[in-house]
Amino acid sequence: MKEYAYFPGCSLEKMASSYHKSSIETAKKLGIKLKELEDWNCCGATTYFYIDELLAYTLCARNLAIAEKTGLDVVAPCSACYKNMYFTAAHLKKDVDLAEHINFALEEDDLHFNGTVGVKHLIEVFANDIGPEELKNKVTNPLEGIRVAPYYGCQIVRPQKDKEDVEQPMFFEEMISAIGATPVNYPLKMRCCGGSLIISSRTAALGMVRNLLQSAVDAQATVVATACPMCQVNLEVYQQQVNQEFGTNFAVPIMYFTQLIGLSLEIPQKKLGIGQEFIAMAPALRQVIKG
Amino acid sequence: MDKKEKIGVYVCHCGTNIAGVVNVGEVSTWAAENLKNDGVVIARDYKFMCSSLGQELIQKDIKEQGLTRVVVAACSPHLHEATFRNACKGGGLNPYLCELVSIREQDSWVHTDKIAATEKAKAILSGGVSRVIHHEPLEPLHVPIHPATLVVGGGIAGIQAALEIANAGFPVYLVEREPSIGGHMAQFDKTFPTLDCSACILTPKMVDAGNHPNITLLTYSEVEKVDGYVGNFVATIRKRARSVNEADCTGCGICWEKCPKKVVDNVFEAGMGYRKAVYVSFPQAVPKYPVIDRENCTYYIKGTCKACEKFCPTNAINFAQEDEILNVQVGNIILATGYDLFDSRRITQYGYGRLANVFTSLEFERMSNAAGPTGGNIVLRDGKTVPKVVGIVHCVGSRDKNYNEYCSAICCMQSLKFAHLVEERTGAEVYNFYIDIRTPGKGYEEFYHRLLEEGTHFIRGKVAEISDAARLPAEEGKLIMQVEDTLTANQLRVPVDMVILSAGLEPRHDAKEVANRFGISCSADGWLIERHPKLDPVATVTEGIYIAGCVQGPKDIPNSVAQGAAAAARILGKIQQKEVALEPIRATIHEEQCSGCRICNNMCPFNAILFHEDKMVSEVNPALCQGCGTCVAACPAGAISGTGFSNEQILSQINGLLLLNIPKKEVVA
Amino acid sequence: MTDTITFNQEISNLLYAAEGEPIKTCIQCGTCSGTCPVAPYMDHSPRQIIAMINQGMKEQVLESNTFWYCASCYHCTVRCPQDINITELMYALKRYSIWKGQHQEGLIGPTFSEAFVKMIVRGGRSFEPVLAPSYIFSFGMRELVLEVVGATELLLKGRLPIMPARIKRLDNFKRMIGRIIPMGGLE
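Protein chains in written order, with our numbering: chain A, 1 to 291; chain B, 292 to 960; chain C, 961 to 1147.
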């Protein structure tokens, strides 16, 4: 059984608890153990970097150092947490002066960052460690006939880490195909949902959400799948507001990819947090929901 | 030392290049005083040592002061070693008794601290003086030059070079990888800025090259190996089996007419059209003989068919033909292997390969060509719809650190040409998306102005992405080009029917291997490196090997032709000299010290070391040795020394650099 | 040569992640602005902001909403032909603006970020309800109503925490932050 240190991040504590539940459950069913990091702190989101870069790195370094103690790689289901931790680790490994400064602060909590920990996004674990082939073999309830728009959003693939395709990746589509659903090809799959602009610059963010939903609906998607709590909230919770603002009538369920995988593995809906959503998933999923 | 050498020291100001940082007066005074024991009898500084007055200064001192050694502290040997050696020779001193040390590249150009730089100049100079004492008078080796030339690559640059040399009366082997010569220029429709037909100006040259009595045309062939040195290269060429006997073939075309196998032509037609399994690349191909593409021919795959053989009126088809290996002796080599087009698929946000109506520049060239797949009609991928709005993206894969940092030089003019052709033939509205318009060529800027007058739209902004994500009714079914008009700061979404990506030029995918094969080097980008970027653009650091055309860097047709002719002129000059003087910097093996271990034998990059089985010792062939020093360093017995780079010379220079030759003064606290 | 630090250098110095330097290598091609999904809402496009920084137009840059409207999607960054990390540049401008206490009036971004950071420094984890009041006054009336409606709904669906989560070793955590911001920082 493969094991990871699991960093849920603040959103998954409540706002995106269905993501948390479905991640744990699906991972377990697929033979991956997610062991929650003890006493973790906020990754700083994007906001912390607005104030003080050094402090933002320190926050992430604390979590990384805690993860290092377990000897496991750390996995984050939230794209912003993932990006912050990944790049903090990369900067600290590259810059010994920065690492020394931050380790000095970490001493206060008896922690030390050595640079041994690997950072992964949850979807990477599903896409690489399990992979579409193995996933396909484990599916007992293929989600046939469900047209899913894979929404990558931003910080899973951007900024660029190595030589990976940051414009047209396909791993999400492959996963959707593996669970028997149909991935739809729509041009805005890599576009930003607006992120925290939903709080600070509402009009702009709503426009961005509208464009995304429109693009998915134009491609006849019945469900949008995401791998980030921020994207999920923007696309789902604010969908009604988009409708009011632009006179549209979207009613697209926005599901975590783990919920879709969970359904294909016949994990009970409740364990996947289905039912907590604003836009009911049931109508779109009627044909594949069992029990 | 038997006798005391009389050394002259000359410190160059190089204008302010050196004197701006190094106190040259102080350095020469210091040398006169402190290097006396080493034999320095005179030390001078002068504004430009390389000027004729500077050189005369050295010659005068040799004659009047009886100098036996000369040290010049100036620029790098790469630039002026030959100058000062010649000056010494003119003064009656053996040129190899001169040493040039660099206080510019290695000192004034890389330091800002004037005091430290001056001290460093003294040390460098002291090293040169310590070294020059151990120099020996040498005589250059003279070897004859074989009058034949090998030209690799049959594009316009190679054709031009071959014709120049052949017309002067000397033999040329013109080797081309593809079945026909002509290169990229044969694929184009019109040439900028005059819009004359590319084939009309190219084919006469191709025919000339094909018929020339002094040119041996080797198409469908590749150079596999090169041995030897300037004047005496031996090239091993693989002439791939065409499966057609050239002696019998008349080029009548019945075979490709009858061949039942259609193949997508990814080379000449850029994937836009088809050819047969037996084919000539294009109607005007030179030579006229077809080749059978064995990977796609039904006979080679399944063992049956032979339609071509059945119908060939002269029995020229030869399925059993094998590759031939030819060894040719040549005196000089020109590499004119050209470029590859940037693969536009790499910029995924431009949608090439995903969005049907995004075309590459080469696809558009074929499409606009009357002999091309659409008969010269500019149409969408469906083969019939004429576009009403066309967007042309400049700088695709160029001027972008994600792909290639350099400017590909031809794309602006190419894009302007495309815009003109689209407007002329379809009446469509054309948008050019550019970062900067670069038209540095005769008549180029005027062509740009003509396009402006024609009403072509120019939007200054690099296209961010191209998609089919319509937001407005007017965008439905269109390609939407998203871009900032940087001159007005407006965010634009321009709906178009067709996009042409003006793709940049890249080094050939195998440029590095080719460079290795010929013993020359590539820049970080992959273009082959010329000897000097301004003053010697067609020679390379390897004597006898020249480069011409896009293999050296992106350039247009006029510049490629000019380089082809320039390389030819350089070689003709060499051939006329009949022999070439080789640097006497060579390795020698001291027989009595050689243990016969043969370690050096395989290490020599020039295969210059042979082994005498009878005496069990190795020996260096001075004509092949390039003086690289690899064997000197490798010899475990220390039996090999390099002329001009003996242990004594190098160790003395190090001692000099460390100022160990200066008598210790009393330490002042 | 002068010893005055230019605005460009000041911003470069605040750019650890982007390694500062490349801002001045901008060729003004507009890829960033053409890519940016928020550009239509910005006072100045990202490209213009870079030009303005390089021209030393400090006041105009700080008064623009551009960097507060950056959603950190990094799309411009992966496409920039000059390898300029434009997103990190926007972060640096936010930091500079908060540091100097100078920004366009009526923006929620600066107030929100300060509130957010104070909260994490106090509690270690992010918590939405505490956060809301500190920035909510900046909303217009209509937005305020919508926000309250949204929050109530989230609460009803069990998606907002009732009590703010706190980390266990909070004292250690605070001392750790103290070593980074020795003067008591934002508290």
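To be clear, the hints were calculated from the coordinates, so they are not data collected in a lab. Any given hint could turn out to be false.
[Stated by the list, open to error] Pairs of lysine-lysine, DSSO-like flavour, derived with a Cα cap of 30 Å: (1) B:825 / C:1128; (2) C:1134 / A:120; (3) A:35 / C:1128; (4) A:163 / C:984; (5) A:94 / B:825; (6) C:1134 / B:405; (7) B:825 / A:163; (8) C:1128 / A:271; (9) A:28 / C:984; (10) A:161 / B:692; (11) C:1128 / A:14; (12) A:14 / C:1018; (13) C:1018 / A:93; (14) A:28 / C:1134; (15) A:120 / C:1128; (16) B:405 / A:161; (17) C:984 / A:93; (18) B:692 / C:1060.
Keep in mind the model is a prediction, meaning the values are calculated, not measured.
To see whether the hints hold, each was checked on the structure:
With a C-alpha separation of about 69 Å, the suggested pairing of residue 825 (chain B) with residue 1128 (chain C) is violated against the 30 Å cut-off. The straight-line distance between the Cα atoms of residue 1134 (chain C) and residue 120 (chain A) is roughly 28 Å, inside the 30 Å bound, and the hint therefore holds. With a C-alpha separation of about 18 Å, the suggested pair residue 35 (chain A) and residue 1128 (chain C) falls inside the 30 Å cut-off, and the hint holds. The hinted pair formed by residue 163 (chain A) and residue 984 (chain C) meets the criterion: a straight-line CA distance of about 25 Å does not exceed 30 Å.
The hinted pair formed by residue 94 (chain A) and residue 825 (chain B) fails the criterion: a straight-line CA distance of about 40 Å is larger than 30 Å. Taken as a hint, the residue 1134 (chain C) and residue 405 (chain B) pair is broken in the structure, with Cα atoms around 51 Å apart against an allowance of 30 Å. With a C-alpha separation of about 36 Å, the suggested pairing of residue 825 (chain B) with residue 163 (chain A) is violated against the 30 Å cut-off. For the suggested pair residue 1128 (chain C) and residue 271 (chain A), the alpha carbons sit about 28 Å apart, so the restraint of at most 30 Å is met.
Using a Cα cut-off of 30 Å, the hinted pair residue 28 (chain A) and residue 984 (chain C) is violated, with the two alpha carbons roughly 50 Å apart. Among the hinted pairs, residue 161 (chain A) with residue 692 (chain B) is consistent with the structure: their alpha-carbon atoms are about 16 Å apart, no more than 30 Å. Annotation: proposed proximity of residue 1128 (chain C) to residue 14 (chain A) holds, straight-line Cα distance about 18 Å (limit 30 Å). Simply put, residue 14 (chain A) and residue 1018 (chain C) have alpha-carbon atoms about 41 Å apart, too far for the 30 Å limit, and the pair is violated.
A hinted pair counts as satisfied when its Cα atoms are at most 30 Å apart, and residue 1018 (chain C) with residue 93 (chain A) does not qualify at roughly 34 Å. As the CA atoms of residue 28 (chain A) and residue 1134 (chain C) are separated by approximately 35 Å, the hinted pair breaks the 30 Å bound. Simply put, residue 120 (chain A) and residue 1128 (chain C) have alpha-carbon atoms about 25 Å apart, close enough for the 30 Å limit, and the pair holds. With a C-alpha separation of about 43 Å, the suggested pairing of residue 405 (chain B) with residue 161 (chain A) is violated against the 30 Å cut-off.
With a C-alpha separation of about 27 Å, the suggested pair residue 984 (chain C) and residue 93 (chain A) falls inside the 30 Å cut-off, and the hint holds. The straight-line distance between the Cα atoms of residue 692 (chain B) and residue 1060 (chain C) is roughly 34 Å, outside the 30 Å bound, and the hint therefore fails.
The earlier numbered hints that this structure contradicts are 1, 5, 6, 7, 9, 12, 13, 14, 16 and 18.
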